[in-house]
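Spelled out from the first residue to the last, the chains are:
2 protein chains.
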Amino acid sequence: MSEKVYIYDTTLRDGSQAEGVNFSIEDKLRIIKKLDEFGIDYIECGWPGSNPKDTLLFEKLKNIKLNHSKIVAFGATRRPGKRPEEDPQLENLIKAQPQAITIFGKSWDLHVLEALRTTLEENLDMVAGSIAYLKRYVPEVIFDAEHFFDGYKRNPEYALKVIQYAIEGGADWIVLCDTNGGCLPHEVYEITKKVVETFPEAKIGIHAHNDSDTAVANSIMAVLAGARQVHGTINGIGERTGNANLCSIIPNLQLKLGFKVVPEENLKKLTELSHFVAEISNMPVPRNMPYVGESAFAHKAGVHASAVMKRSDTYEHIDPSLVGNRRKITVSDLSGKSNIVYKLREMGIEVDERSPEVLKLVEKIKELEKEGYHFEAAEASFELLCKRHFGLVRNYFDLDAYRVLIAKRSTDELPVSEATVRLSVGGVKEHTASLGNGPVSALDSALRKALEEFYPNLKEVQLIDYKVRIVNESEGTSAKVRVLIESTDGKRKWGTVGVSENIIEASWIALTDSIVYKLMKDEEEME
Amino acid sequence: MSEKVYIYDTTLRDGSQAEGVNFSIEDKLRIIKKLDEFGIDYIECGWPGSNPKDTLLFEKLKNIKLNHSKIVAFGATRRPGKRPEEDPQLENLIKAQPQAITIFGKSWDLHVLEALRTTLEENLDMVAGSIAYLKRYVPEVIFDAEHFFDGYKRNPEYALKVIQYAIEGGADWIVLCDTNGGCLPHEVYEITKKVVETFPEAKIGIHAHNDSDTAVANSIMAVLAGARQVHGTINGIGERTGNANLCSIIPNLQLKLGFKVVPEENLKKLTELSHFVAEISNMPVPRNMPYVGESAFAHKAGVHASAVMKRSDTYEHIDPSLVGNRRKITVSDLSGKSNIVYKLREMGIEVDERSPEVLKLVEKIKELEKEGYHFEAAEASFELLCKRHFGLVRNYFDLDAYRVLIAKRSTDELPVSEATVRLSVGGVKEHTASLGNGPVSALDSALRKALEEFYPNLKEVQLIDYKVRIVNESEGTSAKVRVLIESTDGKRKWGTVGVSENIIEASWIALTDSIVYKLMKDEEEME
Numbered sequence: 001m002s003e004k005v006y007i008y009d010t011t012l013r014d015g016s017q018a019e020g021v022n023f024s025i026e027d028k029l030r031i032i033k034k035l036d037e038f039g040i041d042y043i044e045c046g047w048p049g050s051n052p053k054d055t056l057l058f059e060k061l062k063n064i065k066l067n068h069s070k071i072v073a074f075g076a077t078r079r080p081g082k083r084p085e086e087d088p089q090l091e092n093l094i095k096a097q098p099q100a101i102t103i104f105g106k107s108w109d110l111h112v113l114e115a116l117r118t119t120l121e122e123n124l125d126m127v128a129g130s131i132a133y134l135k136r137y138v139p140e141v142i143f144d145a146e147h148f149f150d151g152y153k154r155n156p157e158y159a160l161k162v163i164q165y166a167i168e169g170g171a172d173w174i175v176l177c178d179t180n181g182g183c184l185p186h187e188v189y190e191i192t193k194k195v196v197e198t199f200p201e202a203k204i205g206i207h208a209h210n211d212s213d214t215a216v217a218n219s220i221m222a223v224l225a226g227a228r229q230v231h232g233t234i235n236g237i238g239e240r241t242g243n244a245n246l247c248s249i250i251p252n253l254q255l256k257l258g259f260k261v262v263p264e265e266n267l268k269k270l271t272e273l274s275h276f277v278a279e280i281s282n283m284p285v286p287r288n289m290p291y292v293g294e295s296a297f298a299h300k301a302g303v304h305a306s307a308v309m310k311r312s313d314t315y316e317h318i319d320p321s322l323v324g325n326r327r328k329i330t331v332s333d334l335s336g337k338s339n340i341v342y343k344l345r346e347m348g349i350e351v352d353e354r355s356p357e358v359l360k361l362v363e364k365i366k367e368l369e370k371e372g373y374h375f376e377a378a379e380a381s382f383e384l385l386c387k388r389h390f391g392l393v394r395n396y397f398d399l400d401a402y403r404v405l406i407a408k409r410s411t412d413e414l415p416v417s418e419a420t421v422r423l424s425v426g427g428v429k430e431h432t433a434s435l436g437n438g439p440v441s442a443l444d445s446a447l448r449k450a451l452e453e454f455y456p457n458l459k460e461v462q463l464i465d466y467k468v469r470i471v472n473e474s475e476g477t478s479a480k481v482r483v484l485i486e487s488t489d490g491k492r493k494w495g496t497v498g499v500s501e502n503i504i505e506a507s508w509i510a511l512t513d514s515i516v517y518k519l520m521k522d523e524e525e526m527e
Numbered sequence: 001m002s003e004k005v006y007i008y009d010t011t012l013r014d015g016s017q018a019e020g021v022n023f024s025i026e027d028k029l030r031i032i033k034k035l036d037e038f039g040i041d042y043i044e045c046g047w048p049g050s051n052p053k054d055t056l057l058f059e060k061l062k063n064i065k066l067n068h069s070k071i072v073a074f075g076a077t078r079r080p081g082k083r084p085e086e087d088p089q090l091e092n093l094i095k096a097q098p099q100a101i102t103i104f105g106k107s108w109d110l111h112v113l114e115a116l117r118t119t120l121e122e123n124l125d126m127v128a129g130s131i132a133y134l135k136r137y138v139p140e141v142i143f144d145a146e147h148f149f150d151g152y153k154r155n156p157e158y159a160l161k162v163i164q165y166a167i168e169g170g171a172d173w174i175v176l177c178d179t180n181g182g183c184l185p186h187e188v189y190e191i192t193k194k195v196v197e198t199f200p201e202a203k204i205g206i207h208a209h210n211d212s213d214t215a216v217a218n219s220i221m222a223v224l225a226g227a228r229q230v231h232g233t234i235n236g237i238g239e240r241t242g243n244a245n246l247c248s249i250i251p252n253l254q255l256k257l258g259f260k261v262v263p264e265e266n267l268k269k270l271t272e273l274s275h276f277v278a279e280i281s282n283m284p285v286p287r288n289m290p291y292v293g294e295s296a297f298a299h300k301a302g303v304h305a306s307a308v309m310k311r312s313d314t315y316e317h318i319d320p321s322l323v324g325n326r327r328k329i330t331v332s333d334l335s336g337k338s339n340i341v342y343k344l345r346e347m348g349i350e351v352d353e354r355s356p357e358v359l360k361l362v363e364k365i366k367e368l369e370k371e372g373y374h375f376e377a378a379e380a381s382f383e384l385l386c387k388r389h390f391g392l393v394r395n396y397f398d399l400d401a402y403r404v405l406i407a408k409r410s411t412d413e414l415p416v417s418e419a420t421v422r423l424s425v426g427g428v429k430e431h432t433a434s435l436g437n438g439p440v441s442a443l444d445s446a447l448r449k450a451l452e453e454f455y456p457n458l459k460e461v462q463l464i465d466y467k468v469r470i471v472n473e474s475e476g477t478s479a480k481v482r483v484l485i486e487s488t489d490g491k492r493k494w495g496t497v498g499v500s501e502n503i504i505e506a507s508w509i510a511l512t513d514s515i516v517y518k519l520m521k522d523e524e525e526m527e
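For the record, the sequence lines run as chains A and B.
With the first letter of the first sequence counted as 1, position 465 gets the number 465 in the UniProt record's numbering; the numbers rise by one all the way through.
With the first letter of the second sequence counted as 1, position 26 gets the number 26 in the UniProt record's numbering; the numbers rise by one all the way through.
FYI, nobody ran anything at the bench for these hints, they're computed from the structure.
Any given hint could be a false lead.
Any copy will do: because identical chains look the same in the list, a pair fits if it lies in one copy or spans two.
[Said to hold, decoys possible] No farther apart than 27 Å at their CA atoms in a straight line, the calculated lysine-lysine pairs in the DSSO-like style are these:
1) Lys370 with Lys467
2) Lys370 with Lys60
3) Lys153 with Lys256
4) Lys343 with Lys203
5) Lys33 with Lys467
6) Lys337 with Lys53
Only chain A is shown next, with the shape it has when bound in the complex:
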């Protein structure tokens, strides 16, 4: 077998329903870029028209060219009793100009009668009519049959009729949804098989939720029954117990069942992709998450560990490097080292893997990771770290001191933030003061005041995102704080990181990294 299975990512739509997840437009654009690089086939970006944020996102996407992925807009069938042309919701989907549109419709008779309060016939026409209408405007229409499995269990005839109408309407894909996540793998297999046999010409997909703790298995079983499109989210984030986890489904399909899913070299970036989305969504990857978790290939038991060294297939179901993860037992961490050499090469630093300088760098990185640093969403800090290690970053300024004061003088008043910075650039002393909305912006402002005279290109730099996370690495004695900053100068965007027990100091580290990165990059370009 080397048949293709198409991956449909809904991290930005269904995934964003997870408690605690809230993507900004910037977040969404960064994730889309990463999913495209990874080779995801379809990216469901949101529901244009349902809220201003999603509408704006699709506006921005019109000017963005992706290499591989298709941009998908999500919506619903037309309302009962109206023609598709009269439905503003469908209008919004078309206006968003995506490469594909997914609409969901009811396939459970009871829901048609009780939730939609319309007739079973009208629902069939809503499905077929909406799809046919959309097909005039977009190249690809995908139909999500909501509650398909529950519907099929109660009234198989009607559920299949909905599918038939969707196909007749011209849907390119029919996706069977286990909307409340209640199905078990054998049911998904049998029902999917029935659909595939009933409509041998149709292309079928699966959309599973994890309420029975079997979303990955359900997706796999549907593929074995003939489905060729799989919906899910990175790290399985989503409402309630989450959606099917693409980070498990993709390697299961590709490494174990021989399907073609993503290019082999991309699969090696799976762990990175998982941790990237985790950082952006502020939902850490559980240690024990299959394939991509920190402990997924960790070996504690002495017996096991030595057996693993002897014969890795004993306690490792796959070679961890195939998904960009690594075994965790030994000190001589070859996979880690070769990753870093690969990264260095990307930066234009050619070094031998066994050189002592590389070993020292690996040690330094490990040390920083132990302290709470995370470089997946802070590539600029990582680049600076490496280039500093090889003496490739010049000294743009020397700090003498900074001070920040926040004072609130009465309950009803906003506090005042004032920062002072004392530094020198090539021997010239600067001492500046500035106010800000908060302590970090005051500090940022005082720092720029001191530097812009020497480096006017810093005026182009803007902070676009700021994230803070407590790092309680096991010891728990003194909680550290990790600050992630995203900056842009209009041309580029870059992420930097700082870790400290003090949130202002952590911000300061990320802030100065951001500025130094900008200065370095501009100089590199001039060369």
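Knowing the structure of chain A, use the given hints to seat chain B on it.
Chain B alone, transformed into the frame defined by chain A:
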């Protein structure tokens, strides 16, 4: 169907292999008691003789009478070239006087030759001989066929022969182990079925690991193929990606497939059992864990939430009370009036949906959400907001002013953070100062200094998590910051939120909400 499936818990043995888990003897005894109350059939308590702790545990267990569960000791087949009588390891198992003994043996030919370095024939005799020997001393012997599925895939004949010898040796149960967790559900089904058909008289079990993210599904599929004993751990804890999660398997088998697993009234204690083991093992239950997680029945989207109220089967695969969990309507910008009334009712505030007070509250919440507030992870702030709205929160203190100073005096030095707080409690003025690792901890510390004299119960409060996020909902002109704080007093856990352009002010709001919530809850309990 109302056939019995036997549950075999290995939380204390395989589960304790998880990174970060380390049970004391006291811990183990508490868990054993809880598992017994819940109605687990077999409890694997450890490997007597392998370490002094396990040996001592079995000593203590000799004096403890359980109501339902059988105490199981775990070990291995005899060593090659020795008689069972000469093997001190088997001796230790017998001395432990458990109700059942489980021993594992090789069923993958390659491992016999390479790891054991003995002949295939000797291995068969080790299996049959060890079991027969143990059967003289204990009522029940269970055989774990290690690497059975991998072994079967390579050499089915030999793998089956090992089973045959185990049966001939007198094993009461034959457990098929997917030791490296690499199998997918359809393979487990087919291979288990083959075993069941080959040995129709034997009682078969399944032992799955979660490396392919399908351990629960694999266990279910094995049962569907005829297995009647399922091994797993509470919350799925275990080495690498963990063992099969009993908290998902038990309700799947009992509620969805109609097997008899535990008494119906015990199933209602599943969520409690899960959280109990999480506390003891210091491995928090992930929010999104199926059946037992805090968000397993949480509904965010307004459309969904109102549908759930109407017809719960729409987005709930089971009634949450069946496993002792509960529905959770989370408040988000998508939700409406009926959600809020539902929440008020939970707080004991009975109001009419159309009362002007409710409308005003809805308006206030919408306003706050526009400002960047998010209440999903800050239920305590939400409760305070509602109760304040109805005049149900008393005034614990009045703030006059606070100041925070962060000063860094040289590049190599950590900055110093100092905070002062001026407030009054019932007319009594307090003015305090404190240092901290960072500005927030300094402020927290000064605030407590001022209040603890009046409210000594605040000493119980600890901050356990702190998250910060930029809120660029608006035009992005002045970026706001959202701070989420999670606190605990040992008994409860609660989340609070603050939003401001100033990170210190946002932290202050969340901090004071946390303190007021604690004071209010303690007073409510006294009433």
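Do the hints match the structure? See the list:
1. Lys370 with Lys467: both (19 Å within a copy, 20 Å between copies)
2. Lys370 with Lys60: Only across copies: Lys370 and Lys60 sit 22 Å apart there, 38 Å inside one copy, limit 27 Å.
3. Lys153 with Lys256: Between copies, since 13 Å is at most 27 Å while 30 Å is not.
4. Lys343 with Lys203: Neither: 40 Å inside a chain and 43 Å across chains, both beyond 27 Å.
5. Lys33 with Lys467: both (20 Å within a copy, 26 Å between copies)
6. Lys337 with Lys53: between (41 Å within a copy, 23 Å between copies)
Hint compliance for this structure: hint 4 is the single one not met.
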